[in-house]
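K.L.:
Sequences and hints are given; from them, build the entire structure.
Residue numbers (the working numbering), protein chains in the order written: chain A, 1 to 261; chain B, 1001 to 1501.
There could be a bad hint or two in this list.
Said to hold, decoys possible - Lysine-lysine pairs mimicking DSS-like chemistry, simulated, CA-CA at most 27 Å apart:
id	chain 1	residue 1	chain 2	residue 2
1	A	K246	B	K1463
2	B	K1494	A	K40
3	B	K1464	A	K246
4	A	K76	B	K1494
5	B	K1464	A	K76
6	B	K1395	A	K163
7	A	K242	B	K1028
8	B	K1408	A	K76
9	A	K242	B	K1395
10	B	K1414	A	K76
11	A	K40	B	K1447
12	B	K1494	A	K18
13	A	K163	B	K1050
14	B	K1028	A	K76
15	A	K76	B	K1415
Said to hold, decoys possible - Residues of chain B placed beyond 10 Å of chain A at every Cβ, according to the derived structure:
id	residue
16	E1014
17	H1160
18	D1161
19	V1346
20	E1450
21	V1481
Claimed, not checked - Selected chain B positions facing chain A (Cβ under 10 Å, derived; list incomplete):
id	residue
22	R1041
23	F1380
24	V1403
25	E1411
26	K1413
27	D1416
28	K1464
29	R1474
30	L1484
If you're looking for bench data, these hints aren't it; they were derived computationally from the structure.
Cβ coordinates follow ideal geometry from the N, Cα and C atoms, glycine included.
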Amino acid sequence: MTITAPSAATARPGAGMKVALFATCANDVMFPQTPIATVKLLERLGCRVEFPMEQTCCGQIFANTGYFDEAVGSVKTFLRAFERYEYIVGPSGSCVGAVRHQHEMLARRAAGDRVGDRVAAVASRTYDVSEFLVDVLGVTDVGAYFPHRVTYHPSCHSVRIAKVGDKPYQLLKAVRGLDLIELPNAEQCCGMGGTFSLKNPDVSTAMAGDKARNVASTGAEYLCAGDNLCLLNISGVLNRTKAGVKPIHLVEILAHSEGDN
Amino acid sequence: MGTELERLTPAPPEGDLLDSPRFPQAAKTELANHQQRTNLRHATTTIRNKRARVVGELSNWQDLRDAGEAIKTRVGRHLDEYLLQFEENFTKAGGHVHWARDAEEANRIVVALVKDTGQEEIVKVKSMVTQEIDMNEALEAEGIAAWETDLAELIVQLGHDRPSHIVVPALHRNRSEVREIFLKEMGRYGTPPPDDLDDQPKNLAGAARVHLREKFMRAKTSTSGANFAIAETGSLVVVESEGNGRMCLTLPDTLISVVGIEKILPTFDDLEVFLQLLPRSSTGERMNPYTSVWTGTTDGDGPKNVHVVLVDNGRTNVLADPEGRAALRCIRCSACLNICPVYERVGGHAYGSVYPGPIGAILNPQLRGTDSEIDRSLPFASSLCGACNEVCPVKIPISDLLVHERHKVVEAKKKDPPHIPHTAEPQIMAAAAWVMDDHRHLELAGKGSELGSRVLGGLLGWKKIGPLPPPLSRWTDARDVPMLPEQTFRDWWKQNRETKK
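P.N.:
Next up, the structure:
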């Protein structure tokens, strides 16, 4: 276990606060730039970030497909990795939502109430980055600079499972230079839905196509969201239409400061 | 009319509902119907905007939802007592109560009751449960014509079609299609439309009005469903928009109401909650134009013979599942259909049932079991976006129930391998679970895919991953996928943070 050295300024909102990073499996393997940005952002705000190496996955791919027994290993691994922390922060509304919404049910089913209670307690200390910044650290202006036209897709699980509300908008609005453009039909699903996109490929593609058209209609340079798999889905279609809209995770914008490329 | 026809009423489309192909295939067919997609998007967008507006007017909407949930949950807990109380009060008021375990028994009772009247035709108030049990076809087989009188149900019936929506059955049709159906079919079954019928809604409604008027005035027997059945008073309640229901409920001598056993409300006062929740959720109206409440018979007023057929047809099976039973709270408002991005694109027919959309995806496998392919595929006909949960007026946690039903399907698959039609999904899931059970396994797998991605990328000069083999081709057929990065986050952390220890 490593502890990052806190930087000088103690007046920073996260000063002295120890935070465990829940990178999520997809970010770890496919989108490392997002957890890297999360580390840099939290450190800039004064937090001491730790990355428990035992962590793997939230298990929702199993649970949501109906494989409850197969999800239990992920729940136990999460408990082992994070139980000792007061704050657990992840750059994914979907995975954080799964931890808070499903882990307790899966644990009680498989291992009874004692483990269920422990799992519920850890889940209650698990935050999406946007919630942690606004609710725990009490900041909306994180000192970011991003001089671009950006449209935001509120991913379904961020909004309806993790219930992050308008926190991502509050954070984006405080970014200097950023021009936030409203996305038509913003709250309609992009059609990703984990294994839904494989089990119902035609419906999923129709949904992704409509979402991509709405994104392209904004004229934004960047499509931003709090979940990389939604971005992967939408930009996968956008890329084919040569719309030229680049996907970017919310945290990567927030971590961007003057002087960055 | 009638002599050249083999049937009394327009024949529905070929094939039983349960023969529908499984959802993904049915959806593909429906998606290809571009006119229907346009109609569906227009209609669902209009209704959900109206709903949002009138729901937003009420400061106590969440309290009303809580009350609706609580009342319906209580009904589920004491269903046996409330049903007996209803039977006692309905009988006391001069009505007759019949019990039906399944569709066949319900149809047998209805056919016998109509035959007792000596009538060869009936008029119908729009009703989901009579669709569920396929009552029209049972009557047709016995030489009795059943006429739909709800405008949208009339369009569906004359169009040899099936309903696509619970509240707005002809939602998938636009007015020029309606005009064609009327011109082609109306005259074969009654009063024809005027020859110069255009597609103005006013004129289409006018043609239907004249066509239906003849049937209302002639009818001696009618059937209805009920939105609510009140245990305390033995009353039945029908909520509607057009007034055709009131014609059927008041003009004939005999009224036969077919009602699902879950429609019970304990007291008359409970109606207050639902008469606010239902119209706002379903049609986006503050109040529906017609609410009919009847309690037995009254001399010189309304039908002289009043019957109710209380139908189980799988409902007690739903009640037996402590988690799944929340679906029985459903008041058939369709708010979940109108908000659902999947329903919006494929419409109701792909669900292979009279109950489409998110509620259909959880209710059908519970009512009918998961022996058929369509019922096994329905719980997966959702991206779990959760929009349905938020609009449900009785707070059914639909996306949780979808996952619950998926689990049941998976367990059945695992126990009964013949149910697995050439899919390696359980083995893939087991392998993936092994990867996620321990971070060392994940690191190993990460190395493997990263290596593969890099070798392919290097060899072929790819910046993105090309077409992948099935089942992943379902993804890459429509989307580009970027190459995997050269370094996992874990490795970055080891290099950039752990070494600074």
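K.L.:
Hints first: check each against the structure and report whether it holds.
P.N.:
Evaluation of the provided hints:
1. K246/A - K1463/B: This hinted pair holds, its Cα atoms lying about 15 Å apart.
2. K1494/B - K40/A: holds (15 Å)
3. K1464/B - K246/A: Cα-Cα ~15 Å, so holds.
4. K76/A - K1494/B: Holds, at about 24 Å.
5. K1464/B - K76/A: It is violated: about 35 Å lies between the C-alpha atoms, which goes past 27 Å.
6. K1395/B - K163/A: Given pair K1395/B, K163/A holds - Cα atoms ~17 Å apart, limit 27 Å.
7. K242/A - K1028/B: holds (26 Å)
8. K1408/B - K76/A: holds (23 Å)
9. K242/A - K1395/B: violated (42 Å)
10. K1414/B - K76/A: With Cα atoms ~23 Å apart, K1414/B and K76/A stay inside 27 Å; holds.
11. K40/A - K1447/B: holds (25 Å)
12. K1494/B - K18/A: holds (19 Å)
13. K163/A - K1050/B: The hint holds at about 24 Å.
14. K1028/B - K76/A: Violated: K1028/B and K76/A sit about 39 Å apart, past 27 Å.
15. K76/A - K1415/B: holds (25 Å)
16. E1014: holds (24 Å)
17. H1160: holds (26 Å)
18. D1161: holds (22 Å)
19. V1346: violated (6 Å)
20. E1450: Nearest chain A Cβ is 7 Å from E1450/B, so the label is violated.
21. V1481: violated (6 Å)
22. R1041: holds (9 Å)
23. F1380: holds (5 Å)
24. V1403: holds (6 Å)
25. E1411: With a minimum Cβ separation of about 8 Å from chain A (threshold 10 Å), the hint on E1411/B holds.
26. K1413: Holds: closest Cβ of chain A sits about 9 Å from K1413/B, inside 10 Å.
27. D1416: Status violated, d = 15 Å.
28. K1464: For K1464/B, the interface hint holds, since the closest Cβ of chain A sits about 8 Å away, which is under 10 Å.
29. R1474: Hint on R1474/B: holds, closest Cβ of chain A at ~4 Å, below 10 Å.
30. L1484: holds (6 Å)
Violated hints for the displayed structure, listed by number in ascending order: 5, 9, 14, 19, 20, 21 and 27.
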